[in-house]
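Enquirer: For the protein sequence lines, the chains are A and B, in the order given.
Note that the numbering used here gives residue 191 to position 138 of the first sequence, counting from 1, and the numbers run on in steps of one.
Note that the numbering used here gives residue 756 to position 90 of the second sequence, counting from 1, and the numbers run on in steps of one.
Hints in this document: simulated from the structure, not taken from any laboratory.
Do not take every clue at face value.
Covered stretches of chain A (chain B as the covering partner; in silico rule of three or more C-beta atoms under 8 Å from a C-beta of chain B) [stated by the list, open to error]:
(1) 90-102
(2) 154-161
Distance condition first, Cα-Cα at most 25 Å in a straight line; then the derived SDA-like pairs of lysine to any residue [to be verified]:
(3) A/LYS195 with A/LEU272
(4) B/LYS923 with A/THR156
(5) B/LYS671 with A/ILE255
(6) B/LYS796 with A/LYS146
(7) A/LYS146 with B/LEU920
(8) A/LYS283 with A/GLU95
(9) A/LYS283 with B/GLU895
(10) B/LYS671 with B/TYR693
(11) A/LYS309 with B/GLU895
(12) B/LYS923 with A/LEU272
(13) B/LYS923 with B/ASP824
(14) B/LYS671 with A/THR156
We put the beta carbon where it would ideally sit given N, CA and C, even for glycine.
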Amino acid sequence: MGNKKLFLFFVVPAVAYLFILNLFPLLWALGLSFFRYNLLTERVPTFVGLGNYGTILLDPAVWTRMQITGKFILISIPLQFTLGILIAFLLYKELYGRRLLLTLFLIPMLIAPVASALFFRYLLDANFGLVNWLLSEFFNTKIYWLGLGKVPGLGVEYALLTVALVETWIWTPFITLLVTAGLSTIPQSVIEQANIDDISFIDRVRYIVFPYIKPILGLALILRVMDSFKTFDTIYVLTAGGPGISTEIITFYIYKLAFQGWDFGSASALSFGVLVIILYFTTIFLNYFIFRGGEEQ
Amino acid sequence: MNVNKLLWTIIAFIIVNIYIFPVYWIYLTAFKDRATLFELPPKVIFTPVWDNFDELVRYGAIQAVLNSVIVTGVSIAISLFLGFLAAYALSRYRFPGKNLILFYIISTRMMPPIVFIIPIYMMFSYLGIKGSYLSMILFYIGLTLPFSVWMTKTFVDDVSIEIDQAAQLDGFTTFKFFRKILIPMIAPGLVAVLVFSLLSVWNEFLMANILSSPQTRPASVVLANIRGERGFNWGRVAALELIYTIPVVILIFLIQKYLVRGLTLGVVR
């Protein structure tokens, strides 16, 4: 069994597979980003060097989508963190059947985003939805949740808010999960001492809990920002990017560029732009993970 | 009986259930007949009917669920097998480039899937397999393999190398050792790997939407495009939602014990 040739035989299939279906497509996309290649207008790609990148940087349409992405992130992430942390505190208490409750709570992040988006499409339906029925019954009003109306005080369209809320519903359990893991690292002796000293809730959070969960909150933040750029499924189901372009965050825009405009060159270049942004966060993540997080386990 | 603990349990129970109310609501809707469906105020107590499921059969959605089962089953089986072999070697041996391989495997977690849709679409078009089960299966093996290698490796790492050595002394061949000793030992871990890989394939939509044809369309694609010309048939939607998501809900309850470890893996570990 110590045969060194045997293990090579074990690693090779997996690594070869990833080369062919992961690394190779990645390089293909990179190559494509240097060509002008629109399936509707040209049969053969034309080499344009960094041309596509230049066009993208100067294209106001791209910057508008980046702004929409930014707004989406700024609304959904603080909500996820606030709710996620509060529920983690709740589930951290001594409870009967805590694991069962946590498992129930994790359902939203484990079922398909497509399915979750449809739950809300039903609940928020303008005419048959439960939410609007409640609103009209008790407040004599109705909200067009997927419409262009501006949310008072936020300055974004209701459609974008709705997408952000649905994403919040899906990802809050993820924050809770990570914070729960962080909370479990607080030594029992520290908690007992805090009980003896009768420290107030606010001070407890600030001086005891926060220092322990800070690293994992940083990690969660980076991961959530990275993943927010990838949001696609919920938008496809809820709004398809509309009304107008109000919910076209960058990934959805790339998709439309590629499979409605058939402009493979620009879409590849833009997807690499997004990759660079994500890589920026990844380096922060890896620095953190390897150079600081290493000693924590 | 601790009153404080009971009180907090009740509060937590209520909050968690309000949170996942949308799931209950759609499950309830799946059993409503057409008249009950549009009634306002909405009914919570009614005579359940199977109409929506019959309608779903007529709609052809059963084929979609079957497609999901085929694509998920085949890709997971292959990914788990390749993943296990690689994980064993990466756990037990040192060799040049090993860290590079591990780094590469974890870095695939960061890649935005949107980068892959164009090259994969073009590759599979050239090969003439776009629209087939094979195209989705090939992609999904690649999608789940990094996770499968990484997570299996952590479970193999937990098994002492002395066990390998003892088996070797007893004259076990490598594959007999896998079959009789190692795999039974890490079986619960492998089940967790299986479930997480399965979820990521079963739930995937972006690539399936592009790679599938009307005959091979999995449930996620049918569900996402279920809106008819005259809007939604909510009974039908709810019934398909139920069929599509309930296996997932059952599975996660079955692997409760490994849920947290599996989910925080690659994040905390």
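Enquirer: So, for every hint listed, does it hold in this structure?
Expert: Here is what the structure says about each hint:
no. : hint                   : verdict
1   : 90-102                 : violated (count 0)
2   : 154-161                : holds (count 8)
3   : A/LYS195 with A/LEU272 : violated (39 Å)
4   : B/LYS923 with A/THR156 : holds (9 Å)
5   : B/LYS671 with A/ILE255 : holds (21 Å)
6   : B/LYS796 with A/LYS146 : violated (51 Å)
7   : A/LYS146 with B/LEU920 : holds (24 Å)
8   : A/LYS283 with A/GLU95  : violated (29 Å)
9   : A/LYS283 with B/GLU895 : violated (29 Å)
10  : B/LYS671 with B/TYR693 : violated (31 Å)
11  : A/LYS309 with B/GLU895 : holds (21 Å)
12  : B/LYS923 with A/LEU272 : holds (24 Å)
13  : B/LYS923 with B/ASP824 : holds (17 Å)
14  : B/LYS671 with A/THR156 : holds (19 Å)
The structure does not agree with the numbered hints 1, 3, 6, 8, 9, 10 stated previously, though it agrees with the rest.
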